[in-house]
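> From first to last, the protein sequence lines are chains A and B. Be aware that the first sequence starts at 808, since it is given in my numbering, and climbs by one per residue. Be aware that the second sequence starts at 808, since it is given in my numbering, and climbs by one per residue.
If you are wondering where the hints come from, they were derived from the structure by calculation, not from laboratory data. On a predicted model such as this, the values are computed, not experimentally measured, just so you know. Accuracy of the hints is not assured; some may be wrong.
The list treats identical chains as one, so a pair stands whether inside a single copy or across any two.
Cut-off 25 Å, straight-line C-alpha distance, at most; resulting in silico cross-link-like pairs (SDA-like, lysine to any residue) [stated by the list, open to error]:
(1) LYS924 with PHE909
(2) LYS1105 with LYS1117
(3) LYS1139 with ASP964
(4) LYS1065 with PRO997
Protein chains: 2
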Amino acid sequence: MAGQRRLFARGFVYGVATASALAYSYLLSNEEEVVKPVPVDPLVKRGAEILKYGVPERGPAVHYLHNHVLAYDQARRTPLWVAEHINSQHLQGPANRKHSKFKPDPSVDPMFTAHNKDYWKSGWSRGHMAPAGDNKFSQEAMDETFLLSNIVPQNIDNNAGFWNRFEMYCRDLTSRFEDVYILSGPLYLPTQEDQQKVVKYPVIGENEVAVPTHLYKVVIAERFNTPTSIGAFIVPNQQIGFEQKLTDFQVPIEDLEKSSGFKFYPQLDRSKTKNLCEMDSCKLLDKKEFELYFIGRKLQSARTQERVDKVWKELEEKKLEPDQYLVELYAKKKVDLSAKQSEE
Amino acid sequence: MAGQRRLFARGFVYGVATASALAYSYLLSNEEEVVKPVPVDPLVKRGAEILKYGVPERGPAVHYLHNHVLAYDQARRTPLWVAEHINSQHLQGPANRKHSKFKPDPSVDPMFTAHNKDYWKSGWSRGHMAPAGDNKFSQEAMDETFLLSNIVPQNIDNNAGFWNRFEMYCRDLTSRFEDVYILSGPLYLPTQEDQQKVVKYPVIGENEVAVPTHLYKVVIAERFNTPTSIGAFIVPNQQIGFEQKLTDFQVPIEDLEKSSGFKFYPQLDRSKTKNLCEMDSCKLLDKKEFELYFIGRKLQSARTQERVDKVWKELEEKKLEPDQYLVELYAKKKVDLSAKQSEE
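Chain A with its partners taken away, still in its complex shape (with noise of 0.2 Å):
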């Protein structure tokens, strides 16, 4: 039992001491490990004397959702960051997002979460990190995405935009590299004010939501197992227009960490990994393709001839060649809806 005991102790000082990362490469690991009994330092012994009232809370350390995992800021009410692991079987599915709906998270402590109340009428729009797109495979895995502790106030061109494109690109991937490990996360980013640095951001509702001034991802391309390679991304929480490209917003993943506080992906040698944006372009769908692609989304949630008809006419007003895709898309909905309404 002395022995058992001592080995319980070990676990906690070990997950204490190297925060989190060691419990995960435990598990992954089908090695046995060598157990020797350790000493407990005179430091630890007089620290469990100073919090003898515990140790300040700040929540799990990781929540653990379905297809993605977090870990929270409670004094800001956001995610601190967002990690997922994507391949194409995430992307196809029958989950639809008009199923899901924003509300906290239960595993945050109420006192710490935000409410869907802090967003209204903010001028902010709630930011997915993990996307809700990147998990049509599973109903229950996209409604986590919709929970609040996913969720920053994000600038609503920019999710609807650039940032939109950015997780199309990520999704887009897949089809190269099949797996794809993606980080998202917010950042507080000082500006030159006069003659100092100064950090500043709004804080929304009556939970003071902070309002992130930018947000990032890193995103690592694998192949056979192998990470290829890596990027990091810092993008402006606010509007961003098609002339501007995704490579003006790399950054050095070092410059990153500075900035977020946190070593990423710590258990990647680098060394080994080639630039995303060299090895990939890196680009993103250009204004007439993103309109093609809303164009496609809409025609295929059309329920009536109408509905088809009209936005078929959107690429004419739009001057939009339609692509192939849309056009054989255009195709079959009036065959399907045509039978579909003789049927009725």
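Could you slot chain B onto chain A? The hints should help.
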């Protein structure tokens, strides 16, 4: 071996899931723990896949020093909280701050540490969270309070004035309550600006060390091993005059918790404690007492009769009536230095 491994893994999972609080309760406990195997949660299993390249690292959950314990904010290069336990034994002894030097804490990753240079010419002083004066018993412990992991950029008048008097009050509590537990740290609170609430604070130096808008302390006074009373205080990081009372800055601890993102002293049953400022005075030294205190310090460190006389003259200049302590100290100094000078 398989059994050992399961136990070890279980320690990990607990350490991760419940933050570090349990670790200490375990270390402090004398009871044997009944250890049962715990199945791995499928969400944790999927989480390990998502976190294949490791959990983002924010450094050790807790840094242990000889007489204080802290959590560090890698993004802001300041502590998040610093915990102390003091009694009268810690407040007496030969340690002297003239031997101590401000310097980076070697337990903080070099990428995330502040440097003295960040503070130079910034207009902000290096403000201790665990005060040097709480560690007279040990030069080593005092030296460690000068590690920059224990320091925040603090308004110099606040540092030398109100905050200093607050620290003196905390030390004085040990004469009435035996054991005192203190948590101190920085805050970044919003202010109303036009139609919105905004968090705004400078960052200083190359490493962009954050300048807190406020500082906090939570103080538990304990007698006969029983926590009698608790008080929480939020003090603006600016000059505060003698006309303001400590009680002006007392807040419900829940308000501080919501602002800071931490639940403090989770193992304290608050329902059994009283309000510190009702049980004790929460009265800081007034202007006259504070000036007499400094004259006492100057007298104590005087090395020549001339210096003693010069300090004594300050009393007249400032129209201060010396108290009995000062009168006796003056007499003793005159005798000691006279003996010393005749020896030379």
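> Now tell me, hint by hint, if it's right for this structure.
Checked hints:
1. Taking the closest pair of Cα atoms, LYS924 and PHE909 come within 25 Å of each other only inside a single copy of the chain (11 Å); across copies the shortest separation is 46 Å, beyond that limit.
2. For the homomeric pair LYS1105 and LYS1117, the shortest alpha-carbon distance inside one copy (10 Å) is at most 25 Å, but the shortest distance between copies (87 Å) is not.
3. Neither within a single protomer nor between protomers do LYS1139 and ASP964 lie at most 25 Å apart by alpha-carbon distance, with minima of 32 Å and 75 Å respectively.
4. When the C-alpha separation of LYS1065 and PRO997 is checked against a cutoff of 25 Å, the pair qualifies both within a copy, at 13 Å, and between copies, at 24 Å.
In the structure shown, a violation is registered for the earlier hint numbered 3 alone.
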